[in-house]
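K.L.:
Here is what each chain is made of, one letter per residue.
Number of protein chains: 2
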Amino acid sequence: MRVALYQYAPRFGEVARNLDQVEAALLGAGADADLWILPELFSTGYNFADRDEARSLAEEVEGETWDRVRKWAQRLDCAIAYGFAERDRDVLYNSGAIVDRSGTRLHYRKLHLFDRERLFFEAGNRKLEVIEIAGARCGMMICFDWRFPETARSLGFLGADLIVHPSNLVLPWCPDAMITRALENNVYVATVDRWGIEDRAGQKLRFIGRSQVISPAGARLAALGEAEDGWIVVDIDPAVARQKQVNSNNHLYRDRRPDFYVDGPVDG
Amino acid sequence: MRVALYQYAPRFGEVARNLDQVEAALLGAGADADLWILPELFSTGYNFADRDEARSLAEEVEGETWDRVRKWAQRLDCAIAYGFAERDRDVLYNSGAIVDRSGTRLHYRKLHLFDRERLFFEAGNRKLEVIEIAGARCGMMICFDWRFPETARSLGFLGADLIVHPSNLVLPWCPDAMITRALENNVYVATVDRWGIEDRAGQKLRFIGRSQVISPAGARLAALGEAEDGWIVVDIDPAVARQKQVNSNNHLYRDRRPDFYVDGPVDG
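As you go down the protein sequences, you meet chains A and B in turn.
Residue numbering for the first sequence follows the working numbering, starting at 907 and increasing by one per position.
Residue numbering for the second sequence follows the working numbering, starting at 907 and increasing by one per position.
Hints in this document: simulated from the structure, not taken from any laboratory.
One or more of the hints may lead you astray.
Copies of the same chain look alike in the list, so a pair counts if it works inside one copy or between any two.
Calculated cross-link-like contacts (lysine to aspartate or glutamate; reagent style EDC-like; alpha-carbon spacing at most 20 Å) [what the hints assert, rightly or not]:
1. K1033 x D1161
2. K977 x D956
3. K1150 x E966
4. K1110 x E1132
5. K977 x E929
6. K1033 x D1165
7. K1033 x D1173
8. K1110 x D1173
9. K1150 x E1134
Let's have the full structure, built from the sequences with the hints guiding it.
P.N.:
Right, dumping it as structure tokens:
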């Protein structure tokens, strides 16, 4: 199964321009990927001034952006994963979808909102989910979800071979933390970030780029820089992710000791 | 609260010599620590040939090694955490203890045994636990426990400010993974490793040293090299570890979404 990641610097609010840039990149790459992954909020930008502005840029799941992405998926005969600002009646979510020629394959709403995102979005209310693409089981989480080990753990438990991780990272830790996420679950992790600066509404945010694919053994198979448009392509072997027996004596899931784990914060 | 870590290269089976070296180091350091931490299996070495050999070097919790460590704790007026081979009637555990002048403060048995340890030891059967030392709440896990996110998570949920982590690391990932463990739980983590090579019973193991203290914000506050005897000392501020509100909008525990987490592997 071949996965390709596209990193760029969306211009805030310039949806048509952003979509044109991504379209040119994907259709021109010749990557022959089974799955393309794009960043979180890939077509709108991230740093909304307020909820009204977020609403004005948000779309229903199968809105105009979805329509455009689906056309790319048809042209490339592949699946495409991406993050977008979702409007569902009056409620906004920081969402992701995986689309192919058949339509929507997966629809996720970010469970753990980061910082000011709470001013615009509601926290997700859809189950974590795993779907099969070209023989590889793929689950999605978005950006700050990385900080909560239960997210990647849940996707691993659901059988994910590959964690698809659209992001807009502003803190430095995630690229190395995803090595831990890969090792603890023996899964591939593809984090697709953006780069560039958004200086709006008194908030200057610098996105760190560094999109990457990590192997189940914790190797960084490919990565992009801190400030570059570009794409990388990696071949994923689902059999490697399914081998949870990591040496002759240790199985990452069977060796768990749930009777001794504490489920949540204990007061006092 | 001041924590000190001692890293060295125990000689396999030379318990008296190893204890003498540690004694000289701790009593000579002038570290003025509230808690000293020593490696896993600190007085015996690690690479047992078989279960009989492990049994011959194992001791009851409050055995001769405990007695010696307690004397150091009395001399230094501090607590001391260490790993040891425990014999309980006919059963062996890869255990840890924290001892001070009052006696045994904490007794832990490694929950997740690594590789050939399974040939000698039974997996732990005691609860994870947190105790207070000089105002800081301390919990223990041992070496390979790091690979299972539930271990550090549980100690965080129990209120640990500092995770005390005696280790004998042979794989390269743990020092960076502990940054993730610190960040996801907003706790200090002190990993105390050994260095050196044990080439026995057809198994050549090289231990990676790199003992370290990580802050709740993911900073490596101090670290030792890959092949050196030495000690480091770090001041811990429990208030920093208790501030789970990591920015104006995110609280690491309250933002969890347990309704959406999957508890264990799902078949099919």
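K.L.:
Next, verify each hint and record whether it holds.
P.N.:
The hints, checked one at a time:
Taking identical chains as interchangeable, the C-alpha atoms of K1033 and D1161 lie at most 20 Å apart only when they sit on different chains, with a minimum of 16 Å there against 26 Å within one chain. In the homo-oligomer, the alpha carbons of K977 and D956 never lie at most 20 Å apart, since the shortest distance is 31 Å inside one protomer and 63 Å across protomers. Neither within a single protomer nor between protomers do K1150 and E966 lie at most 20 Å apart by alpha-carbon distance, with minima of 38 Å and 34 Å respectively. Taking CA atoms no more than 20 Å apart as the test, K1110 paired with E1132 passes inside one copy only; the shortest distance there is 17 Å, against 40 Å between copies.
In this homomeric assembly, K977 and E929 come within 20 Å of each other (Cα to Cα) only inside a single copy, at 10 Å, whereas the closest approach across copies is 71 Å. For a Cα distance limit of 20 Å, the shortest separation of K1033 from D1165 across copies, 9 Å, qualifies, whereas the shortest one inside one copy, 25 Å, does not. Only between protomers do K1033 and D1173 lie at most 20 Å apart by alpha-carbon distance; the minimum there is 17 Å, versus 28 Å within a single protomer. With identical chains, the CA atoms of K1110 and D1173 are never at most 20 Å apart, being 37 Å at best within one copy and 45 Å at best between copies.
In this homomeric assembly, K1150 and E1134 never come within 20 Å of each other (Cα to Cα): the closest approach is 35 Å inside a single copy and 34 Å across copies.
Of the hints listed earlier, those the structure fails to meet are numbers 2, 3, 8, 9, in rising order.
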